[in-house]
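Protein chains: 2
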Amino acid sequence: MSAPHRRLDVLVDSVRRLQRMGATSNLINLLQKQHPADLAQILNELVDRDRAAVFHLLVERNSRLAMEALSELGPEMGAELLADRPPEDLARLLQELPSDDVAAILDNLPEELSAAVLELMARKGGEDVGSLLEYDERTAGRIMNPDVFALTEDLTVGQAITELQQARDVEMVFYLYVVDSRRHLVGVVSLRRLLLVRPDTPLKHVMSTDLISVRDDTDQEEVARHVASYNLLAIPVVDEENKLVGIITVDDVIDVIKDEATEDIYRLGGLTSEDRVFSPARDSLKRRLPWLLVNLVTAFVAASVVKVFEGTIGAFTALAVFMPVVAGMGGNAATQTLTVIVRGLALGELTWSNTRKALFKEALVGVGNGAAVGAVAMLGAWALQGNLALGLVLGVAMIINMFVAATAGTLIPLGLKALKVDPALASSVFITTLTDVFGFLSFLGLGTAFLRFLHQAG
Amino acid sequence: MSAPHRRLDVLVDSVRRLQRMGATSNLINLLQKQHPADLAQILNELVDRDRAAVFHLLVERNSRLAMEALSELGPEMGAELLADRPPEDLARLLQELPSDDVAAILDNLPEELSAAVLELMARKGGEDVGSLLEYDERTAGRIMNPDVFALTEDLTVGQAITELQQARDVEMVFYLYVVDSRRHLVGVVSLRRLLLVRPDTPLKHVMSTDLISVRDDTDQEEVARHVASYNLLAIPVVDEENKLVGIITVDDVIDVIKDEATEDIYRLGGLTSEDRVFSPARDSLKRRLPWLLVNLVTAFVAASVVKVFEGTIGAFTALAVFMPVVAGMGGNAATQTLTVIVRGLALGELTWSNTRKALFKEALVGVGNGAAVGAVAMLGAWALQGNLALGLVLGVAMIINMFVAATAGTLIPLGLKALKVDPALASSVFITTLTDVFGFLSFLGLGTAFLRFLHQAG
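In order, the protein sequences belong to chains L and B. Read in numbering that gives the first Met the number 0, the first sequence has 76 at position 77, and its numbers run on one by one without any break. Read in numbering that gives the first Met the number 0, the second sequence has 1 at position 2, and its numbers run on one by one without any break.
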């Protein structure tokens, strides 16, 4: 119960050992005793080949447990483990999972295979999955579970409890949604509330009609924000006519929150969200290269600025020594501002109405930090090169560049958001270019203007 | 119910208008009808002065609702809104909130004030908060709610339901924890299960003893990982003797997940986690400056490397033009690798056992991308300067630097983790220094070695 991580390490070792020894039945026994989430962790720790072998073994003996573990592994790795099985096999195995998980896995399988599986599943009455896949990616419809337990409004509390007792295994029941005869969502009642009133009370009298729902086409990030800010355990999903079509539970919301955070972190780092630690090297290479090439173009833009001042550098080479300082510090200051602004937008703290305040604040911080860092840099350059004029040129250039960094770091993500482009995605490339260009322009420009003083001082 | 964001905008406008008009009673009526989470959103949208005024108004009329909204605003802003009230007032108001929220708010108040409030609250029997504050920050004990509803194991199901019906408002009841006579945690039973069995069944027979709990000193990030991976709605917290001391619900876990993601994003961006969009400029400046100064030192290290080659640059100034390209691209490639590795560590995908695989992969991607980007850069430099030898020097330097970037981007965060330093915090400064130093070293070093060819080609 305690120190579960150490326990897992021991388990992984045992699994590896039993597998190496070929002690299949011992291995199966050990695996069968685990929670699906722990099994997923164990599978995650194994190298690809072992993972496939252990999963294969488990599927043969306890396909339900195997599939539950697979769904905990996430759709990418899940699809990888399933990809080499025939469609008939997959259709049978996937029936063990709730349809939102199936939809996510099918999304990650090769298109032909997933189409074949979908057809087989539909024939067996699994039309749920097909209809989930009709919703756009990243919408409430796509991540909801269509298997939602609902009570009709004309029941009594006693009848409701009986219905609940007879219900087959539905996903986490704690809010009971109440619908009218045409399945319009009309109310909600908690399980606890049912226990507190007399059984002959009409459900209508105990249900709350003040309930929060989302439309099936709502963006998943907004769904997550709802569930998080209203502290819900689940949220009902309705179609455009307010008919109840599904439920999204808080565990799915946690996955969304993690995925969206990963996406933001990745985009700020110049990565696409599919890139994982153990994506094949070939895929990672292909995914990262375009971004690097975009950056290469912008680096050449910065280089062209330097080229304009080649004469100045030839006349006073010490300027080249401090070029990295100006550009680097501008980049760092810009990254700080950008990070605060992008995260503020993601968390909903920064909105259109308080934009001006944010801009003013960041500009102030930029100038303040520029002055402090510029002063230190001035002294550093003076000490290193024994040239006060060079130090002054460096210091002033840094103040200018850090002001540009702060302003651009605020305006660019806000501008991209206004254009409905993800601010995390494209901001850093624009801003690096800007701080490089303005940094070199101000530093080498000032250097050119005061070249005479640089020589006198040196 | 739908388009809640647009609805909120309208609300915020109404609040602003009513306040400007001084229509206090209309304003109060409007505010009273809102959900605490919506009130928090509205308060968040207002400028500081209006926020304080609206909150003040609401506290007078409906202090419970006001405090609920305040707790949704988060402890920082919450503390800000309360800071100018006398301790007696605060002690009374804070009694409206669950003690985990109180502890978080007290943490953000000036120390003297929070000590005074704590003493007043303790006198009125609120020793819960004081004991929460005795736990270390970021542990289960600190974020748990000590007000946990528990049943004793010798009850029957019928008695348990009666107890539940009589319980006062406890936080989200859905798992019912079962304890022995000395409050050791022995089992769990779901509300739904209680409905399914005969009332005279002993609780012992229906409870599950296979339950997941955490110790009060467990790190909050690990608590979140547990709740997320086992899809729990709440997790019981026990002390070292396995006595039930509190409960952590999934809504608290969502806050932890968001905070930890923000922290990672911030640390990768060179920020401390307290820095927010609307922190006062003075605070932001003070928080960002140390990081910038550290970066300044490393920028000077890079500058010193360039200084070694000042002679070469003087002899062939075009080298200075491409310095930003080498350093910038190394930095970009390093950021990509670093992001994948840090996020992989945070999500638990990357563990000690699969480190070698990750390193090998990243090195491969680094060389591959280096070759591709280096080739394009070579052609670019050839086109821009008409000097093939310069292009070759640039291309080879970039391949070297991107290999260094990939290797360091993997090894440094892993190394920091081994040293129990947060890999997100310190990695980027080390890596930028490394890629700058190695970039300039390889580019200017190769330039020096092949200076003759550069002149011949140019």
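Accuracy of the hints is not assured; some may be wrong.
[Said to hold, decoys possible] To spell it out: a stretch of chain B is covered by chain L in this simulated footprint if at least three of its residues, at any positions, have a beta carbon under 8 Å from a beta carbon of chain L; those stretches are: (1) 17-27; (2) 42-48; (3) 148-162; (4) 256-270; (5) 412-418; (6) 430-439.
These are calculated hints, taken from the structure and not from any lab test. In this text, a Cβ means the ideal position worked out from N, Cα and C, and glycines have one as well.
We went through each hint and held it up to the structure:
{"no.": "1", "hint": "17-27", "verdict": "violated (count 0)"}
{"no.": "2", "hint": "42-48", "verdict": "holds (count 3)"}
{"no.": "3", "hint": "148-162", "verdict": "violated (count 1)"}
{"no.": "4", "hint": "256-270", "verdict": "holds (count 11)"}
{"no.": "5", "hint": "412-418", "verdict": "violated (count 0)"}
{"no.": "6", "hint": "430-439", "verdict": "holds (count 3)"}
Going through the hint list in order, the structure does not satisfy hints 1, 3 and 5.
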